[in-house]
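**Q** Since the structure of chain F is already known, use the hints to place chain G on it.
Number of protein chains: 2
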Amino acid sequence: MIALSAVARHEIDDALNVALDRLRIRSAALGEASAALGEATVASATGGKRLRPALVVAAFEAFGGDIGRSPGLWRVAAAFELLHAAFVVHDDLIDGDIERRGIPNVVGRFRERALARGGDAADANLLGAAAAVLAGDLLLFEATRLIATAPVTASQRAALFVLLDDAVLVSAAGELADVEQTIGADLPPTDSLIRTARDKTAFYSFQAPLAAGALLAGASDDERAALESAGSAIGVAFQLADDLIGTFGSRAEAGREPGADLRASKRTPLIAMAAETEYWPRIASALAMAPTGPIAIAHAQRELAASGARERAVEMITDTLRSARGHAADAALPRDAVVLLATLASAVEDRIPR
Amino acid sequence: MIALSAVARHEIDDALNVALDRLRIRSAALGEASAALGEATVASATGGKRLRPALVVAAFEAFGGDIGRSPGLWRVAAAFELLHAAFVVHDDLIDGDIERRGIPNVVGRFRERALARGGDAADANLLGAAAAVLAGDLLLFEATRLIATAPVTASQRAALFVLLDDAVLVSAAGELADVEQTIGADLPPTDSLIRTARDKTAFYSFQAPLAAGALLAGASDDERAALESAGSAIGVAFQLADDLIGTFGSRAEAGREPGADLRASKRTPLIAMAAETEYWPRIASALAMAPTGPIAIAHAQRELAASGARERAVEMITDTLRSARGHAADAALPRDAVVLLATLASAVEDRIPR
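Protein chains in written order, with the UniProt record's numbering: chain F, 1 to 354; chain G, 1 to 354.
Heads up, a few of these hints could be off.
[What the hints assert, rightly or not] If the Cβ cut is set under 10 Å, some of the chain G residues that face chain F in the computed set are:
1) Ser27
2) Ala129
3) Leu134
4) Val170
5) Ser171
6) Ala185
[As the list claims (entries may be wrong)] Looking from chain F toward chain G, a few residues come up when the C-beta cut is under 10 Å (computed):
7) Leu126
8) Ala132
9) Ala148
[Claimed, not checked] Derived coverage of chain G by chain F (criterion: at least 3 residues anywhere in the stretch with Cβ under 8 Å from a Cβ of chain F; other residues may be distant):
10) 111-118
11) 137-147
12) 150-164
13) 175-181
Honestly, the hints are just simulated from the structure, not real lab data. Glycine included, C-beta positions come from ideal geometry on N, C-alpha and C.
Same shape as in the complex, but just chain F (with noise of 0.2 Å):
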């Protein structure tokens, strides 16, 4: 989503491969099982897109900050991706997921280790939960580990830590509430459901790192307020677009089989917006169906479409995004800032299925 200067990526990439090197060392110092343990979480922590390191980057040059003259920066960037990480396992063990981007995760790679070893399917489940907590524990601590220790000011660190301490209470807030929105028969309300992805995903996805960066440049605590407000909106719509691209997304658009969010009857405020309309009673019959084929997941599809649900979640982006613009502009941000927020929501308007 964002450009970054060559040696920007490169700090970045170095600064998190000294932390998960660290731990692979250490993890491998303390027995065969440990050793597997490391390799898994440093697996788990590789190969992601590093949208949240650079949104760090990206903010601190936004604020007039110099990257050659602020080594704190590349550890604080860094520690995003590695709670970033912390929150992925710990989700995929929540959700029963063993695989991510198509190869075995920590509780994957943990159940074949149990089978292997000649246990039951009941061990296989033990072992890899086990693991997957394990592992997140080992992240989330790495993270908050690199920012205790990164050189930066004492009150860069306290401010650091404020954010942080927001980041991990709000993201459980909103794993849990993702999670019993699952259970019941009644579907949440709209409003509820983008509260969710809010506390679950944009605030430490977007607003976070983009106010750690803005801070260790020096920028001032309106400056902050107007960035983190429209990088809270900046994270809802790429959220709503990520829902629809797992409603109506192609397989090169979605990266996995098409339409896996009605496969999985996902409760996304995309199906909430299609409840609000009088065809809900057929779309429901529709959604009922589709995880037994893509014959059934078209049929929804085109349902969800005629009832006016897809243009609804795209103008909501739209409006999202329009409001993350404004309060750049209201705030008079500095221009670098004002370009970083436009480049953001340009992108997230890029990734809605058409």
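**A** Relative to the frame of chain F, chain G by itself:
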């Protein structure tokens, strides 16, 4: 196990209460589900014996620290209690426990919550596990945050983070090994099981808190090394005594059903020692029956005692505590530190069921 002054106990409780009240209030601001998570998280960190904070403070005083002039001490002490609470919550999740001290733990509370919201058994499992993952994350982060933001010098913070980093990694290695040792037909060797006890419990419960107190008091590297060796030995002895309690202890000693470890077919070093005797075939049959009820448990207890394994375990505790006292004497630790270690060793000896 340790008698602290009323002032010290009050300060520890105060630091913990501040952290937990803060967590409760901030969680409540994020919605009803988050409020319930905050309550459950706080409850999971309440009501323990607060042994680990006491060890931090006792070591601090034993190395000449002045508790009236060390504002960071209490936060560091509190952090070790929260670290313990985090590990307990995640350990309960991994073990499938839904109660602790006779009341529902985080998993148990959220299982009930799912059912009350119209969920089925699968929803209860899902929500219980999700809440426990998140509660442990909140506690782990809070423990780390307390140390990251404690009013200590930069070099003290760096040293504390080396310690905390080891505590998190070593405990994870121990927890994973503990789970793996339940898998497969073969009983692991005694020394592997003792290593696991050291990693899973002794390090973060004894060695690290003692070392943290000593480093805040300005102990030398040699003194700290000797203290850590002794602390590790005491921690292992504590765990071996715990196994004896779980196997032979009365209801009063165990605070639960007598013979709970036998009922759960737990693979303890005690059992591994029994497997090294000529009586193993008889013991193995007795152990296989133990889960069936009190008469079978009493039979297994008699067979274990007759094999000499109980006696050997007591000897191993005595030997381990002797080595702890030896570390203290060899390093010429300050008199108060020698007394502290001797007090701890005696307290462990007194726990051995007779």
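**Q** Decide, hint by hint, whether the structure agrees.
**A** Do the hints match the structure? See the list:
At a threshold of 10 Å, the smallest CB-CB gap from Ser27(G) to chain F is about 7 Å, leaving the interface hint in force. The restraint placing Ala129(G) at the interface with chain F holds, with a minimum CB-CB distance near 6 Å, inside the 10 Å limit. A hinted interface residue such as Leu134(G) counts as satisfied when its beta carbon comes closer than 10 Å to some beta carbon of chain F; here the least separation is about 4 Å, so the hint holds. The closest approach between the C-beta of Val170(G) and any C-beta of chain F is roughly 6 Å, which is under the 10 Å cut-off, so the hint is satisfied.
Interface hint status for Ser171(G): upheld, as the beta-carbon distance to the closest one in chain F is roughly 9 Å, under 10 Å. This hint holds: Ala185(G) has a C-beta 7 Å from the nearest C-beta of chain F, less than the 10 Å allowed. Taking 10 Å as the C-beta cut-off, the interface hint given for Leu126(F) holds, the closest approach to chain G being about 6 Å. Here the hint on Ala132(F) is kept, as its CB sits about 9 Å from the closest CB of chain G, short of 10 Å.
Interface hint at Ala148(F): satisfied, since its Cβ lies 4 Å from the closest Cβ of chain G, which is below the 10 Å cut-off. Interface restraint, the segment 111-118 of chain G with chain F: holds (3 residues with C-beta to C-beta distance below 8 Å; minimum three). Proximity of the segment 137-147 of chain G to chain F, defined as three or more residues with a beta carbon under 8 Å from a beta carbon of that chain, is established by the 7 residues found. Counting residues of the segment 150-164 of chain G whose beta carbon lies closer than 8 Å to any beta carbon of chain F gives 4, which meets the minimum of three for the stated coverage.
Three residues within the 8 Å Cβ limit are the bar, and the segment 175-181 of chain G against chain F gives 5, so the coverage statement holds.
The structure fails none of the hints (numbered hints given earlier).
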